Amino acid sequence: MCLAIPVRVTELLPDQMAKVSLDGVSKTVSVALLDELSVGDYVILHVGFALSKIDPDEAERTLRMIRDIAGSAS
Amino acid sequence: MKYVDEFRDGRLARGVAETLHRLARPDRTYRLMEFCGGHTHAISRYGLEDLLPSNMRMIHGPGCPVCVLPVGRIDMAIELARRPKVTLCTYADLMRVPASGGASLMKAKADGADIRMVYSTLDAIRIAEAEPDREVIFFAIGFETTTPPTALAIKLAIKNRLTNFSVFCNHVLTPAAMRAILGNRAEGVEIDGFVGPSHVSAVIGLQPYRFVAAQFGKPVVVAGFEPLDVLQAVVMLVRQLNEGRGEIENQYGRAVAAEGNLLAQAEMREIFELRESFEWRGLGEVADSALRLRDAYAAFDAERRFALAAHRAKDNPACECGAILRGAKRPHDCRLFGTVCTPETPMGSCMVSSEGACAAQWTYRRFDERAA
Ligand code: SF4
Numbered sequence: 009m010c011l012a013i014p015v016r017v018t019e020l021l022p023d024q025m026a027k028v029s030l031d032g033v034s035k036t037v038s039v040a041l042l043d044e045l046s047v048g049d050y051v052i053l054h055v056g057f058a059l060s061k062i063d064p065d066e067a068e069r070t071l072r073m074i075r076d077i078a079g080s081a082s
Numbered sequence: 184m185k186y187v188d189e190f191r192d193g194r195l196a197r198g199v200a201e202t203l204h205r206l207a208r209p210d211r212t213y214r215l216m217e218f219c220g221g222h223t224h225a226i227s228r229y230g231l232e233d234l235l236p237s238n239m240r241m242i243h244g245p246g247c248p249v250c251v252l253p254v255g256r257i258d259m260a261i262e263l264a265r266r267p268k269v270t271l272c273t274y275a276d277l278m279r280v281p282a283s284g285g286a287s288l289m290k291a292k293a294d295g296a297d298i299r300m301v302y303s304t305l306d307a308i309r310i311a312e313a314e315p316d317r318e319v320i321f322f323a324i325g326f327e328t329t330t331p332p333t334a335l336a337i338k339l340a341i342k343n344r345l346t347n348f349s350v351f352c353n354h355v356l357t358p359a360a361m362r363a364i365l366g367n368r369a370e371g372v373e374i375d376g377f378v379g380p381s382h383v384s385a386v387i388g389l390q391p392y393r394f395v396a397a398q399f400g401k402p403v404v405v406a407g408f409e410p411l412d413v414l415q416a417v418v419m420l421v422r423q424l425n426e427g428r429g430e431i432e433n434q435y436g437r438a439v440a441a442e443g444n445l446l447a448q449a450e451m452r453e454i455f456e457l458r459e460s461f462e463w464r465g466l467g468e469v470a471d472s473a474l475r476l477r478d479a480y481a482a483f484d485a486e487r488r489f490a491l492a493a494h495r496a497k498d499n500p501a502c503e504c505g506a507i508l509r510g511a512k513r514p515h516d517c518r519l520f521g522t523v524c525t526p527e528t529p530m531g532s533c534m535v536s537s538e539g540a541c542a543a544q545w546t547y548r549r550f551d552e553r554a555a
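Residue numbers (my numbering), protein chains in the order written: chain A, 9 to 82; chain B, 184 to 555.
Facing chain A, a subset of chain B residues (Cβ under 10 Å, in silico):
#1 V187
#2 V199
#3 A200
#4 E201
#5 T202
#6 G221
#7 V301
#8 L305
#9 T329
#10 L339
#11 L411
#12 L414
#13 Q434
#14 G436
#15 N444
Quick list of the computed label-pair ranges, beta carbon to beta carbon:
#16 E68/A to R197/B: 17 to 23 Å
#17 V47/A to A470/B: 43 to 49 Å
#18 L11/A to R477/B: 28 to 34 Å
#19 A470/B to T18/A: 40 to 46 Å
#20 R72/A to T522/B: 46 to 52 Å
#21 H204/B to L21/A: 48 to 54 Å
Simulated from the structure, these hints should not be mistaken for lab results.
Predicted model, so just to flag it, every value in this text is computed and none were measured.
Ideal placement from N, C-alpha and C gives every residue a C-beta, glycine not left out.
So here's chain A without its partners, still in its complex pose (with noise of 0.2 Å):
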């Protein structure tokens, strides 16, 4: 029951909801966790709530080590 998903903010709405989408499956969710939201950032979703926002750079940064880590096997 921990598995969380990312999701992307398409809109945000009033008592710190926002509209999520999840490959096109839109849901409404609570960002009350989160300060300073925009549209089109993504979030970890987990139980109706949204956890975390997910960092575009670092995720870039990530792939990169990984594909260093590949790389380096041959």
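Starting from the known structure of chain A, fit chain B with the ligand onto it as the hints suggest.
For chain B with the ligand alone, coordinates are given in the frame of chain A:
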């Protein structure tokens, strides 16, 4: 799917695995515990164990809240649900966990108790608002990921002046469980390092794991839940072990900040305090390992509000969940695995939750004796 598919690239996974084979020293073994059930799930689902060198082994940890909740707490929830005018709201995973005497929330519901599955604490709040004549109790369970949502529900209940909402609190703490596992040497489970929790860490950050390095000299690498995340974390652990280091590292920087989610931590602190001790399935009583509501919120604490007595119960004696949760045994070691115990007819909690070690093994690798 963005931030998912990139981390599932099979070609890259094979490349990382080759590097692992090159890094693995033939003169030693690497016993790595993945703490989270989410990692257990990913490891089984993507067959990651098959990619590892033979002297590297993943040990499944106790990081599934459904699996570690002892039978007595489910019994207590059923007892609450059977009281007049009570509506018990619960996350779906809990419905089929076996309680004492072959009971379960599912069976109690079939017998007429008002038990409803909710996706979010906000759903429970909505039910309490819509049905003021009912006592709506949220069966709160989970590690530090689900705790802030429970805290926010209580604050919302206060704001909306709800007097018919309360929480049966079973929130438990990840670092305390790690400490219990590392302290329990009698079991013979030697662990060289941990693949650390993903989303728990998004909430609590890296600092709470410092003792694993400082006191036990073991590395922790906090890792994401996708297969490449897990493999990279294993590489990072192996590098640390080869270099004789035991440090806390973060593979999952895209979602985990070193300090965690400060807002979520503040919400948790405001509403909850430590329990002196809490029983875990498999680990027994663990000091300072769980939360309860602070006195100021006693009115929202179902245990106090309904004078619920603590209930202790024995596990099904044939079920090896306890040993599996401590990392001492694997699902195939259980006589019931795949015979009487399957996801359709679970005998123990590890077969119920999809993140349980037995369910993951059954779903993806039931024929694989080597992995057992
Ligand atoms: S196979 Fe079933 S009975 Fe055996 S340890 Fe796993 S959950 Fe328990």
